[in-house]
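**Student:** Now for the letters of each chain:
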Amino acid sequence: MTTTPLLTVRNLNVTYPGDDGDVRAVRNVSFTLGRERLGIVGESGSGKSTTGRAIMGLVGHPGRIDADELRLGDTDLRALSESGFRKLRGKRIAMVLQDPKYSLDPVMSVGEQIAETHRSHLRSTRRDARRAALEMLQAVHIRDPERVYTMYPHQVSGGMGQRVMIAMMLIAGPDILIADEPTSALDVTVQTQVLAIMDELVRSRGMGLLLISHNLHLVSSFCDRVLVMYAGQVLETCAAAKLSEATHPYTRGLLAALPQLGHRRAELPQLQRDPAWMADLA
Amino acid sequence: MITLSDVTITYGTGPRAVVAVHNLTLAIPEGQAVGLVGESGSGKSTVLRAVAGLIPYASGEITLAGQRVDRRRTTAQRKMAQMVFQDPYGSLHPNQTVDQILALPVAIHRLDRGEARIVQALAEVGLGPEYRYRYPHQLSGGQRQRVAIARALILEPRILLLDEPTSALDVSVQAEILNLLARLRRDHGLTLLMVSHDLAVIAHLCESIGVMSRGQLVEATTATAMANNQVTDDYTRELLRSNAGFDRSSGIAVDNLDVATE
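Sequence lines, in order, name chains A and B. Be aware that the first sequence starts at 1, since it is given in the numbering used here, and climbs by one per residue. Be aware that the second sequence starts at 1001, since it is given in the numbering used here, and climbs by one per residue.
Rather than coming from a laboratory, the hints here were simulated on the basis of the structure.
Looking from chain B toward chain A, a few residues come up when the C-beta cut is under 7 Å (computed):
| id | residue |
| --- | --- |
| 1 | Glu1039 |
| 2 | Ser1172 |
| 3 | Ala1200 |
Label-pair restraints from in silico Cβ distances:
| id | chain 1 | residue 1 | chain 2 | residue 2 | range |
| --- | --- | --- | --- | --- | --- |
| 4 | A | Thr125 | B | Tyr1011 | 42 to 48 Å |
| 5 | A | Pro269 | B | Ala1225 | 23 to 29 Å |
| 6 | B | Gly1060 | A | Asp224 | 48 to 54 Å |
None of these values were measured; they are calculated from a predicted model. The beta-carbon is built from N, C-alpha and C at its ideal position, and this holds for glycine as well.
So here's chain B without its partners, still in its complex pose:
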């Protein structure tokens, strides 16, 4: 459903260009959920943005449903892959009601039955019709993220791109959103590509996991292998260790940049 072959993404041009993603190859079959983990600056969100068509890529090839896509896309290609962003406080227009927010993609894509679609999209994310004429500031963080998900779903995409969809939310709300995403994926047969720094969140929703570091995919593995500690890359090991919480016996980890050895 999604393939990336040898994709390199750079920011800027000429001698000052920064290579954010270097020769990345990844294939996601239809209906699969793949998660990308890594620290900030590892290029994971950049990959997502390139797949969404928000930024161009310098070389290689990205295909969606067998078609090569670039930054310039047809309406149908855009409709196919929709994205949910990290911060529901920043991704919804503050001066528009939920109704206006959901009506815009319908209008852009000239879809019929706008009215019915809005009601249905809201129902799918567990929001009643009473939320339709509210403004984002009248909603909690979890409700806002539901609206953002509804906005993505209203176009009936086949691919959902998720950029840290729960990191701005409390644990209890995170559970609700993760359950919602799992259900929507099942009901609509969605293909998911999700980015998060939280290994447990990724492993909950995705069966395949890609570990990114410094613009490269350092390990492609599965959630099961990850849980059983069957990993080969050093960075992945470190990630697993950090994920387990603080370990007093381990002493101070040494990073090669600016922490002195003890």
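One chain only, chain A, in its complex shape:
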């Protein structure tokens, strides 16, 4: 962990107005991200994706964001306008979403999409952008970049599509990559490849990675640190390698509920939700 965090989040709240009063999707979430791999785990509705979207400035009306501190390096994200965010997204902070089928433009070749990111953020010429895109495709271990450059999203497999996404996200050299369930739509054998490529690039470029996932195994084996979220709050933070020694009953309950190969139980312990977990933590 480094001394100057790439990202500082202090008391982040995201609220959506609802018919029965406000829904607090994220409550008082605080963390810092250095040049490391930080994981956020939680079940659906725990606020993990909303946290990622809030950092990207992607919580739209009528959702509200407030925080005591939300800083990317020396930029205060709270004061940033929409056009300010637009300059930032892709350039300094990038996001990879779950399914490349839906996050790539279906009517533009994948190479052009990557080159477009380069052109718009670095104001480069078409030729430079093309060269950079081809290099980036190489960097994500695509064997024949020239051929893949001209392919359309429907012609590439899920794993290749996700590598194209990663290439596109990293081409402008961001400091932070937010990966929201980047491998959930992929086969397990492809998952590890995509993760390995992401790991290699993020490390060699000294970036910070925020990995959002519901998969405890994956997060604990891939990340350095893990935040466990429940009902919008961070219940527990621990070193990823020590997730199995987590102390919070929710984390313990989740771990116990996972079926394990080689440890067969007649019945899986079911998670007993304690209403106290819903209460605001100090």
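Given chain A, work out where chain B should sit, using these hints.
**Tutor:** Below, chain B alone, put in the same frame as chain A:
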């Protein structure tokens, strides 16, 4: 209870036909649970759909309880094997109440005591009578999957076909559904054929495991052998490795399609 001998399943006809499953042979004795694992496109769901009678098969033979079955089946044959689908958000009619959803199979099969059957089926999957007149959108993912299971059970099948029954659910809900399936299997002496990409889920519920790749059964083994790493096929090994999570020391795996060697 279920046998497949030399079954080949194709999609399309003529020169453009795609062979989805190639000469598959599998036998499942009564009361056994068999799981099929493999990646997308390996043909595992296709096998399940053919056993359910949703799609025809090109050659070979499928038998259920000793009778040869095809896509055209008698009511009794249909009643015998029921299926639960992956996505409970898509497999329940959004404009029908739970009651209507459960009443339909009873009506089709002209069963008596419809009322009692519905109440009983709901109770078996752990849903109280208060859920009977709700619509699917008023239910959580886990509750919807329970309704889907109740719909399959209401016909008192001897075979339950499960296509990724928990992959759309959270870990804690997955545990509840897996426990429910294990209990129902015990109580009713069901024969299970389940498909999943999650090895741990399969190994939890099934004692026998078939590994599929590119339309073929590459390895037939048991959950115990799998857990002890006693596998012979390369693809199975890779599956086991991936299942263990991310291994930083292993470097980038090479696939022969589009990843360059380092």
